[in-house]
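Mind docking chains X and C on chain F? Use the hints.
Protein chains in written order, with this note's numbering: chain F, 7 to 238; chain X, 393 to 670; chain C, 102 to 406.
Among the hints, erroneous ones may be present.
Residues on chain F that point at chain X, a partial pick, calculated with CB under 10 Å [as the list claims (entries may be wrong)]: (1) Asn57; (2) Met104; (3) Leu154; (4) Ala169.
Because the hints were derived from the structure by calculation, they are not lab data. From the three backbone atoms N, C-alpha and C, an ideal C-beta is built for every residue, glycine too.
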Amino acid sequence: MNPAIMIEDLNLWIKNRQILHNISLRAPAYKITVIIGPSGSGKSTLLRTINRLIELTEGVRYTGMIRVLGKDIMDWDVYELRRTAVYVAQTPNPFPHMTIYENVAIGPVLHDIVRDKADLDRIVRWALEKAMLWDEVKGRLDEKPGVLSGGQQQRLCIARALALKPQILLLDEPTANIDPENTHRIEEVLKRLRDEMTIVLVTHNHDQAMRLADYLVVIRDGHIESSVKPGD
Amino acid sequence: MSRHRYFKDKLFKIMVFVFAMAGVAPLFAIISAIAVNGGKTILSVGPGFFYGLPSSPLSSSPGGIGPALVGSLILMFLSTIIGYPLAFMTAVLAVEFPESVFGRFIDVLVKSLLEIPTILIGVLVYSLLVVPTGSFSAWAGAIALAIVILPYIYTHVENSLRSIPADIRLASYSLGLSRAKSIFYVFTCEAKRGLLTAMLIGLARASGETAPLLFTIGGNWFTYFQGLGKPIGAVPLLIYTYTLTPYTNYHEAAWGASLVLLMVYLSLFAVFRRFSKP
Amino acid sequence: MKEDRLFFLALLPFGAIVVAVFIVFVSTLLYNSLPIFIHEGLMVYTSSTWRPVENNPEAEVYGLLAPMIGTLEVSFLAIIISLPPGLSLAIMIEEYLPTGLKSLMETIIEVMAGLPTVLYGMWASLFFADYLKSDLMIPLHEILWFIPIFGCMPESPYTVFTAGVILGIMIMPYMVGLILDGIRQIPKKIREACYSLGMTKYETVRILLRLMRPVIIASVLLSLGRAAGETIAVSLTIGNTYNIPECLFTPGYTISSLIADQFGNSGFYVYMASALYAGGLFLLLLGVITSSTGLYLMRRWKTSV
Chain F
7 MNPAIMIEDL
17 NLWIKNRQIL
27 HNISLRAPAY
37 KITVIIGPSG
47 SGKSTLLRTI
57 NRLIELTEGV
67 RYTGMIRVLG
77 KDIMDWDVYE
87 LRRTAVYVAQ
97 TPNPFPHMTI
107 YENVAIGPVL
117 HDIVRDKADL
127 DRIVRWALEK
137 AMLWDEVKGR
147 LDEKPGVLSG
157 GQQQRLCIAR
167 ALALKPQILL
177 LDEPTANIDP
187 ENTHRIEEVL
197 KRLRDEMTIV
207 LVTHNHDQAM
217 RLADYLVVIR
227 DGHIESSVKP
237 GD
Chain X
393 MSRHRYFKDK
403 LFKIMVFVFA
413 MAGVAPLFAI
423 ISAIAVNGGK
433 TILSVGPGFF
443 YGLPSSPLSS
453 SPGGIGPALV
463 GSLILMFLST
473 IIGYPLAFMT
483 AVLAVEFPES
493 VFGRFIDVLV
503 KSLLEIPTIL
513 IGVLVYSLLV
523 VPTGSFSAWA
533 GAIALAIVIL
543 PYIYTHVENS
553 LRSIPADIRL
563 ASYSLGLSRA
573 KSIFYVFTCE
583 AKRGLLTAML
593 IGLARASGET
603 APLLFTIGGN
613 WFTYFQGLGK
623 PIGAVPLLIY
633 TYTLTPYTNY
643 HEAAWGASLV
653 LLMVYLSLFA
663 VFRRFSKP
Chain C
102 MKEDRLFFLA
112 LLPFGAIVVA
122 VFIVFVSTLL
132 YNSLPIFIHE
142 GLMVYTSSTW
152 RPVENNPEAE
162 VYGLLAPMIG
172 TLEVSFLAII
182 ISLPPGLSLA
192 IMIEEYLPTG
202 LKSLMETIIE
212 VMAGLPTVLY
222 GMWASLFFAD
232 YLKSDLMIPL
242 HEILWFIPIF
252 GCMPESPYTV
262 FTAGVILGIM
272 IMPYMVGLIL
282 DGIRQIPKKI
292 REACYSLGMT
302 KYETVRILLR
312 LMRPVIIASV
322 LLSLGRAAGE
332 TIAVSLTIGN
342 TYNIPECLFT
352 PGYTISSLIA
362 DQFGNSGFYV
372 YMASALYAGG
382 LFLLLLGVIT
392 SSTGLYLMRR
402 WKTSV
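Just chain F, same shape as in the assembly (with noise of 0.2 Å):
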């Protein structure tokens, strides 16, 4: 089975220091792969290159090869590409001055991937189901992000990146400022999901990863140290 990701060989510097060095990996299809290291060891750096968010950094060089489902990212138009592995960035970042719907919506609408508003409703509501939001939010869909708590933005943040229907879902330590109640529930989500799509994570909380990874790597400095299949 082809993996979902394929890295080989990636090196990368950024305004002449090196960040990674040698990285190879494979991310299988419909697993969750972990990526775990202490801070500074390169993992956002890493995960950010492969939809090419990366490249909106100054100063950024790398070379080696990078394939998303078969495919050399290169040579994805860069939109498709982060529509299909899109990223979930640490600290909740939604969109302040839309509502909860719209934050949800945007993504599918501006992607034109709907056909009507009634379309719409529905992405929308499995997107929110899928993060595992929608009963806490259905009533006030018209209120601004503000009003929910930090795990519930976060998880908006999930709706929003599933309602784009990736195969790829790229988080970064998506539970690193979240208290346990919603910790929980945000890896719950994501084991259900791996159903769905490949799941590539990134923390620094090893008890996290052996809870969640069917596959790990561990990364230090920018090296990869090792990556092993939990269970063996």
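Leaving out everything else, chains X and C in the frame of chain F:
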């Protein structure tokens, strides 16, 4: 602590406050003088002041400023229609593409428009638009005004766009949205307030500027709007022209018109303030 | 990325319009000034004769020296009038006032800064000028007559002095904004250091002021540029008379008020308009020099703090 130091400290504080109060006192003097004298005029003429026509120089009545009022509104409207889109697009260019040489160049250029004396802008528009067409016109005035207000609108839009937090930008790009879509759908929504107040700034400036109008609109006080290519009046120009005459009734009209202009300015300012506070 | 490229190209025309306006303006200014330079050379800036003659272009003589001096006199006077209150307001707002009053004062200053200049001018012309003459100019003349600038008896209330005072009132809020911007760049820890050494507010402010000297100079320069270009309020208060003002209490011209006053006349003569454009060139140059120097000083100071 020695009495000497204490005394100097107190003295300094008093001096600072006295000078500071002296600095803002003129504002209140001006507002009260305009309120009193302008109020007198408007009360003596009645509501006809706002829609009536001017009276002859030596008559006892100040007459009305109707055409000038309408003219001002038209000019404010026109100049904002011309100036705002131009300011918005160039601000987007400068903020979203700071790597480009052109983007940085435009930023410097627009900001240096602020340094050109407004009388020069009026005179140059005269030479470029009024002379070839042979007539003063509302167009010429609107264009001159648009150039004058452009940098003010630009600066405000620029600040609003720049103040969008980096993680919001990241969120938009993470969803695979292109720059164009991010700007026109997401960022404008996030910066909505700033973009609206920028328009208010443009309107406020356009309502009060006089020098750009001196040689472009011709000062038509007696007839209402005759067409974009014809001369038109405006309240600030009326005030200026009337003040220069030796006629008392025209001076009274000038006070009345000043009160109107003051009210327009303060209202726009208040609305602006209301919308600026989160 | 192609969509981004297209987007950039779509924005270019708007930028191009701005550039075009700029280029057209500067070149029109130069082009319209040319005739007077051909007619008189640089004498237009050094002579103080203003002789419009109908039907005899050769005999026309236009010298801008008097209004140039007028511009400088009025602007300097404005700075002298506006600096003490402006500086005091900035200090008061930043160092003395609690938050509520601070924003109130800032709002008042903003209102003043945006107030249409024609209102300042008409108030001065129809109201304030008379008081200025009787309560300030005449006493000054009577006490300080031996100083040349106060040496003449004020006849009309519309003089260089009047224009300078009004201009000073008008640019003060602008100056306050600039100085405040500078004060706020000073790191808090400097003030903290002063207070923890037991200094009084006065002593602390003195240190801050010394630190801020480049900011004050830059603010003065930028305000000077702004003041020189102001037309309406000056034109309503300066008396619009052509002479070199040796004494402040006489009427005069600034370049901008000359343009406002005489441009309408210029159609009757051949070279007058061109002379006025040459005056505009002077104003532009003055503005460019003061603002670029001022901005440079500001920027350099900000990076040094």
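Go through the numbered hints given earlier and state which of them the structure violates, listing their numbers in rising order.
As far as the earlier hints go, only 3 is violated by this structure.
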